[in-house]
Structure formats: C-alpha cells, structure tokens
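These protein sequences, in sequence, are chains A and B.
So the first sequence is numbered by our numbering: it starts at 1 and just counts up by one.
So the second sequence is numbered by our numbering: it starts at 344 and just counts up by one.
Source of the hints: derived by calculation from the structure; they are not laboratory data.
Every residue gets a Cβ at the ideal spot worked out from N, C-alpha and C, and that includes glycine.
Hints are not guaranteed to be accurate.
Unchecked claim - A partial selection of chain A residues facing chain B, derived with a Cβ cut-off under 8 Å:
no.: 1; residue: A258
no.: 2; residue: V259
no.: 3; residue: P262
no.: 4; residue: P264
no.: 5; residue: K266
no.: 6; residue: D278
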Amino acid sequence: MGDLLRVEGLVKYFSTDQGLIASRLSKKVHAVDGISFTVRSGETLGLVGESGCGKSTTGRCLIRLLEPTAGTIDFDGIDVRALKGRALQEFRRDVQFIFQDPYASLNPRMTIGEIVTEPLAVHRLGTPQERRARAKELLDVVGLNPEHINRYPHEFSGGQRQRIGIARSLALKPRLVICDEPVSALDVSIQAQVINLLDDLQDQFGLTYVFIAHDLSVVRHISDRVAVMYLGKIVEVGGWQGLYDEPHHPYTQSLLSAVPVPDPAKQRTRERIILQGDVPSPIDPPNGCRFHTRCPIAQDICHHQEPELRQVAPDHEAACHFAKPFPIELAAVAPGTEAADAV
Amino acid sequence: MALLEVSDLKTQFTTRDGVVRAVDGVSFALEEGHTLAIVGESGSGKSVTALSIMRLIPDPPGKIAAGKVVLRGESVLDMSDADVRAMRGDRIAMIFQDPMTSLNPVFRVGFQIGEALRIHKGMSRKEADARAVEMLDLVGIPNAPHRAKDYPHQFSGGMRQRAMIAMALACDPDILIADEPTTALDVTIQAQILELMIELQQRKGTAIIMITHDLGVVADMADDVMVMYAGKQVEYGSADAVFYSPQHPYTWGLLDSLPRHDIDEKGTLLPIEGQPPSLIDVPPGCAFHPRCPYAQAVCRETCPELREIEPGHMAACHFAGTDSLVRGRVATAEGEVR
Ligand SMILES: Nc1ncnc2c1ncn2[C@@H]1O[C@H](COP(=O)(O)OP(=O)(O)OP(=O)(O)O)[C@@H](O)[C@H]1O
Ligand SMILES: Nc1ncnc2c1ncn2[C@@H]1O[C@H](COP(=O)(O)OP(=O)(O)OP(=O)(O)O)[C@@H](O)[C@H]1O
Ligand SMILES: [Mg+2]
Ligand SMILES: [Mg+2]
Chain A
1 MGDLLRVEGL VKYFSTDQGL IASRLSKKVH AVDGISFTVR SGETLGLVGE SGCGKSTTGR
61 CLIRLLEPTA GTIDFDGIDV RALKGRALQE FRRDVQFIFQ DPYASLNPRM TIGEIVTEPL
121 AVHRLGTPQE RRARAKELLD VVGLNPEHIN RYPHEFSGGQ RQRIGIARSL ALKPRLVICD
181 EPVSALDVSI QAQVINLLDD LQDQFGLTYV FIAHDLSVVR HISDRVAVMY LGKIVEVGGW
241 QGLYDEPHHP YTQSLLSAVP VPDPAKQRTR ERIILQGDVP SPIDPPNGCR FHTRCPIAQD
301 ICHHQEPELR QVAPDHEAAC HFAKPFPIEL AAVAPGTEAA DAV
Chain B
344 MALLEVSDLK TQFTTRDGVV RAVDGVSFAL EEGHTLAIVG ESGSGKSVTA LSIMRLIPDP
404 PGKIAAGKVV LRGESVLDMS DADVRAMRGD RIAMIFQDPM TSLNPVFRVG FQIGEALRIH
464 KGMSRKEADA RAVEMLDLVG IPNAPHRAKD YPHQFSGGMR QRAMIAMALA CDPDILIADE
524 PTTALDVTIQ AQILELMIEL QQRKGTAIIM ITHDLGVVAD MADDVMVMYA GKQVEYGSAD
584 AVFYSPQHPY TWGLLDSLPR HDIDEKGTLL PIEGQPPSLI DVPPGCAFHP RCPYAQAVCR
644 ETCPELREIE PGHMAACHFA GTDSLVRGRV ATAEGEVR
C-alpha cells in the first residue's frame with residue numbers, strides 16, 4: 001500500500017514568554033525538533049513516549065491545529081502547510097482528531113445527536129432530517145443506542161462518551177484519524193471495548209490511524225508500525241514486532257523493561273533497567289544525543305554528536321550511535337547476566 | 344495477631360440521590376513487611392477503604408456505618424481524635440494520588456517533610472531539617488541539602504512524588520498506604536519509585552497497602568491481592584493465586600481485557616461488556632451479574648458470600664470453584680461461545 005501521509009523534518013517550537021518583549025534571546029520550548037515519518041494507507045502508526053516528548057504537538061501539527069515552525073507534511077500528494085480556504089476545509093473533512101479527555105471534549109449543552117453531527121453542520125452538509133438519520137447511524141456504528149440521540153453528555157459514562165467522540169470523528173467519512181490518547185482516561189475493561197471498536201471501524205471503513213499513547217502495551221496491540229519519541233525526536237521506528245522483540249535503542253529497551261507485566265513470576269525474575277534522573281527540559285535539551293544524560297551506555301561521542309535515524313533491520317530504524325539488538329528480558333533470567341551484557 | 348485487621352467495614356455517603364454504599368463489607372488482614380494490593384474499577388471503593396482506615400472520611404456526608412479496624416490490637420474506630428491524629432503520619436502514613444494536594448505550595452519541601460517529625464517525634468527544627476534532607480537523599484533527590492529549600496512547584500512531577508514518599512516514610516510508619524502512587528508518572532519514573540518502595544520495605548519491614556488499577560504494578564509489588572467491585576470484595580488471595588488461578592468472572596474479565604507486551608501473539612482483547620453499576624442503585628443479587636457472561640438465575644436474586652475456594656483464596660461467586668464455571672466457556676442455549 002502507498003503512503004497516505006509523509007512528514008519530513010517537522011519542527012514545532014513554542015516561545016516561552018507571553019509578553020510583548022519577544023526577543024530573539026527568549027527561550028523556546030523545542031516540543032518537536034525535526035521528525036520524519038510516513039503512514040501507509042490503511043495502517044495504524046503508534047506514537048509512544050513519555051509525558052512532554054511532543055506526541056500531541058506532532059498530532060496537532062498534522063491537522064493544522066498548530067502551525068509548524070518548519071518541515072513538510074504531505075497528505076496524499078497535497079502540501080498540507082500550503083492549504084488555504086476551501087482546500088483547507090476539504091482537508092479537514094478527510095482528517096479527524098479524537099481527543100484524550102472524554103469529559104472535556106464534548107459540549108455539555110448539546111445533545112449527543114447534535115454533537116455527533118456537528119461536523120456536518122459546520123460544513124453545511126445535509127438537511128436537518130438527513131443529519132438526524134446520520135446521527136442515529138453513527139451512534140449505532142459505535143455501539144450506542146440510536147434512541148439516545150436526544151440525551152446530554154453527562155448522562156453517559158466515560159467509555160460511552162469516548163464512543164460519542166469517535167462517532168463524531170467518523171461523521172465526515174475521514175480517511176485519516178489522529179487519536180490522541182483515546183483510551184488513557186478509561187478503566188481497563190472499558191479501554192478494551194474502545195480499542196476493539198477502533199479496530200473494527202478500521203476494518204469496516206479502511207481508516208488510517210495515527211494512534212498516540214504513552215501505554216506501550218496498548219500501542220503494541222493496536223499498531224502496525226510504532227514510532228518512539230524522546231524529547232521532540234523520534235529515536236526508533238519500525239514494525240511493531242521487530243521494535244518490541246528487538247529494540248535497537250537503549251531508550252526503547254529501558255521503556256519496555258520498565259513496564260511491569262501482569263505476571264508475578266515474570267516480575268520476580270525480570271531484569272529492570274532503572275533510568276536515573278528525570279526527562280530533561282525541552283527548553284534546554286541536551287547536546288548530542290538527547291538521551292545521553294540518562295543512557296546507561298553513553299560514550300563521549302553521544303555528548304556532542306547527534307545520532308541520525310538509520311536503518312538497523314528491514315522496516316526498522318533507530319537513532320543511536322551504538323544501535324544493536326538490545327535484549328528485553330521478559331522471560332526469567334538470572335539477575336545480572338544479560339543486562340550486564342547489554343550495558 | 345496481624346498488624347492490621349479490617350473486618351466487615353462499611354462506609355456510606357448520604358447524597359441527594361440516595362445512600363452510596365461506597366464500601367460494603369470489606370475484610371482483610373495485613374502482616375508486617377507484607378504488601379496488599381487493592382484493585383478494581385474506578386468508583387469501586389478502593390480509596391474510601393483507605394480513607395476509612397485513616398479515619399479521614401468527611402462526616403457528613405460520609406459515615407463508617409459498621410465494621411472494625413484494629414491496629415496492633417487497638418481499635419482505630421474507637422480512638423479519640425487526639426489518638427487518631429497521633430496515629431496518622433506516625434504509625435500509618437498515606438501517599439495520595441495527586442502530590443500537589445498534599446504538598447503545601449507556600450512551604451519549602453524540606454520544612455514540610457520535617458513537620459511530622461516535629462509533631463510526632465518531638466524533634467527540634469534543626470534535627471527535623473537534617474532528617475528531612477536525609478529522607479530526600481534516600482528517595483533519590485540529587486543535591487538534597489539544596490533542594491530541600493525549594494518550593495513544591497520547583498520540583499518535577501516525579502520529584503514531588505518522591506518528596507511525598509519521603510514525607511510518608513519520615514516517621515518510619517508501620518503501614519504505608521499508597522493510593523495510585525505512580526498513576527500520574529511516566530513508566531521510567533514509575534520504575535524508580537516502585538524500586539524505591541521495595542527497597543525501603545525490605546530495609547524497614549514496612550507493610551504496604553497499594554491501591555492501583557495497574558495489574559502490572561500489582562504483579563510487581565503484591566504478596567496478597569484484593570479485587571473490589573461495587574464496594575465489595577469479589578476475590579482475595581495471594582498474588583500467585585489471583586493471577587494464576589483466578590476464581591471470579593470479574594477478575595477473569597480484568598485479566599482478559601488487558602493488552603500485554605510480554606506475550607508473543609497479539610491476543611484478542613475480551614472486554615467486560617456493559618458499564619459499572621451505580622452504587623446508589625446496586626443491582627439485586629450479585630452486583631456483577633448484569634455484566635457477567637456466566638450469570639444464572641440465582642445470581643440475579645442472591646448476593647454471593649465471600650467464601651474460601653482453596654486454602655487462603657476466597658471469591659464471592661455462587662459458582663466459583665464448581666464445574667459449572669469454567670473460564671472462557673459460556674454455556675448458552677445455542678451452545679458454547681467464546
Ligand atoms: N501551547 C504551548 N505553549 C508552550 N509550550 C507547549 C505548548 N504546548 C505544548 N508545549 C510543550 O511542548 C512539549 C511537548 O508537549 P506535548 O503536549 O506535545 O507532549 P506529549 O508528548 O503529548 O505529552 P503528554 O503525554 O503529557 O500528553 C512539552 O514540554 C509542553 O510543555
Ligand atoms: N465525599 C463523597 N461523597 C459522596 N460519594 C462519595 C464521596 N467520596 C466517595 N464517594 C463515592 O464512593 C464510591 C467509591 O469511591 P472511591 O473513591 O473509593 O473509588 P475508587 O475505587 O478509589 O475509584 P478510583 O479508581 O476512581 O480512584 C464512588 O461511587 C464515589 O462516588
Ligand atoms: Mg499529549
Ligand atoms: Mg481512588
């Protein structure tokens with residue numbers, strides 16, 4: 001399948017001063033700092049990384065909710081950054097966004113029928129009757145009772161509200177949906193309902209997803225390919241299996257080893273790589289490789305030379321001077337053997 | 344005698360819509376140096392259980408309606424207010440989910456950690472300050488003497504959480520109650536904090552009650568696990584028993600709805616269908632029956648008692664441990680599904 005979305009050198013800086021004295025000396029938040037990736041038609045690209053690494057900013061730049069500082073975004077041959085007027089409107093029909101917070105993202109004064117078809121109203125599509133019919137259809141698609149069309153958001157649970165948000169995002173038959181932490185606020189049992197729904201809808205409508213989340217297990221489950229971000233950079237990207245089975249970046253390795261798995265025997269024997277310190281500030285990111293301040297294998301070169309993303313296996317790239325398969329000890333190992341080897 | 348014994352605890356809130364039975368008959372025992380994990384869906388009564396033990400239920404609207412909480416033979420629910428204040432922070436300390444709610448923004452971090460020591464241990468300002476620095480150092484805050492003089496907003500999220508742990512552990516409590524201590528944190532920071540708690544427990548023999556919805560964290564930390572649903576205990580046992588031979592269909596649902604990255608295949612997620620019940624209008628019979636694929640007539644009528652299925656392993660399900668309840672096998676009129 002061809003590429004639906006192609007992102008090249010995407011940069012987004014935020015200026016930190018609010019006043020009028022915007023000087024060239026003012027510090028900038030390097031939220032996204034030169035990332036490139038592609039999303040193939042019909043696939044799900046997962047975007048993972050810790051809080052503040054730039055996932056949401058990336059998602060928002062893709063649909064021009066934010067204007068990028070630099071870089072190109074190509075959606076099915078269209079230069080997204082150059083879009084204006086009608087063309088931009090049309091683009092906004094093709095690309096939709098699902099927000100993290102199912103409570104804050106729905107207008108409490110609108111009925112769910114109105115919420116779900118709001119995009120149709122905005123784009124002046126259909127008669128009121130047609131919109132009502134479409135609202136019922138959409139509610140049915142996401143597993144809600146179409147008879148509830150006149151109810152208000154507060155009458156629904158968190159998982160149901162997230163379904164309402166998903167129904168709204170489907171109203172205009174989009175081709176690409178950016179899902180920003182769509183299940184993070186939900187209980188596990190409800191989370192699974194929404195993940196399965198997103199899976200079904202993808203099959204049914206041939207949707208392409210960019211799925212943003214910090215939960216590595218959720219991302220692995222839903223994604224075909226996965227990009228791992230750290231401090232505004234993509235440090236590793238590839239097919240889900242290669243990336244999870246054989247991470248080639250020490251950050252990915254430590255992330256995977258840090259997630260506890262629901263299996264007491266595995267947890268008792270597992271090697272955990274505990275990273276020291278906190279994520280550095282994106283206002284003043286470290287020189288060289290951004291991960292070097294916490295990296296267990298950093299060498300001199302990592303302090304001053306930034307590693308480029310390079311291919312390490314088929315459909316698998318990593319940005320590390322010392323990229324190689326780093327073992328993930330999910331099975332039992334004697335403490336201090338494999339991990340010592342990796343370091 | 345166990346360090347802490349809770350029996351048949353019932354805590355209720357009177358609201359405009361009716362009485363919320365937030366905790367409805369919970370019992371467990373906690374031994375020294377052990378970790379009990381409490382898991383369950385949002386609103387199932389985990390925090391209220393913890394707050395009841397600490398006697399921190401706001402009254403009104405809340406009230407501990409029945410039950411016993413016994414700490415080293417002493418009844419907590421019968422203590423005078425002064426005794427409860429002396430217990431809190433000294434013998435039982437709690438880490439709250441949101442560190443900003445328990446760190447006061449206008450006082451320096453070191454001063455706040457020292458406060459409990461001045462109150463409970465009668466330390467001088469100077470002694471308490473020195474001990475606060477020691478505690479910050481212990482929880483891995485770099486350059487602790489310096490950072491103790493910072494205000495909470497100058498700390499990152501992970502550092503605040505560590506400061507909270509330092510505060511909770513300053514007086515060497517017998518019991519540490521941690522309510523979702525790592526939920527707001529990134530996984531690499533979570534790993535640091537969990538490691539820290541395990542280390543301190545091994546060194547000091549602290550008992551821990553760990554409230555979480557993360558079954559990975561439970562597998563990592565817990566000796567015993569209590570699963571709650573709608574204010575009731577539905578399963579209780581050792582971590583190995585609950586993970587490897589779970590007995591209650593709700594526990595099965597929790598385990599089966601979890602995506603896992605430690606298993607080769609991407610299995611299908613089996614969500615628990617339906618929605619958690621309202622605690623004002625709890626379904627009659629077993630509260631889980633409307634969502635339970637195995638439910639039968641009796642489940643709609645009679646609330647199952649918590650009973651022992653295997654030694655030390657209890658479940659509250661009419662059919663737990665019987666041949667008519669087999670995980671993944673639902674008998675229907677059309678035959679078996681799943
Ligand atoms: N409007 C803004 N003004 C200034 N800084 C911003 C703005 N939006 C985001 N940032 C900063 O940019 C960085 C990246 O933020 P972003 O929201 O993209 O992170 P994220 O990866 O989505 O994190 P999370 O997992 O917490 O949602 C952060 O340091 C954040 O504080
Ligand atoms: N002050 C209060 N007034 C009324 N109801 C309350 C009060 N505090 C708690 N409740 C109710 O008690 C029930 C149990 O709440 P609790 O906070 O123990 O849930 P929880 O299991 O900790 O959930 P979560 O995982 O979301 O933290 C909920 O239905 C809640 O709405
Ligand atoms: Mg975000
Ligand atoms: Mg709670």
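Checked hints:
For A258 of chain A, the suggested interface contact is upheld, since its CB lies about 4 Å from the closest CB of chain B, less than 8 Å. A distance limit of 8 Å between C-beta atoms decides the matter here; for V259 of chain A the minimum to chain B is near 5 Å, and the interface restraint holds. Checking P262 of chain A against chain B by beta carbon gives a least distance of about 4 Å; that is within 8 Å, so the hint holds. A least Cβ separation of about 5 Å between P264 of chain A and chain B falls short of the 8 Å threshold, and the interface hint therefore holds.
With a cut of 8 Å, the hint placing K266 of chain A at the interface with chain B holds, because the nearest CB-to-CB distance is about 6 Å. The closest approach between the C-beta of D278 of chain A and any C-beta of chain B is roughly 5 Å, which is under the 8 Å cut-off, so the hint is satisfied.
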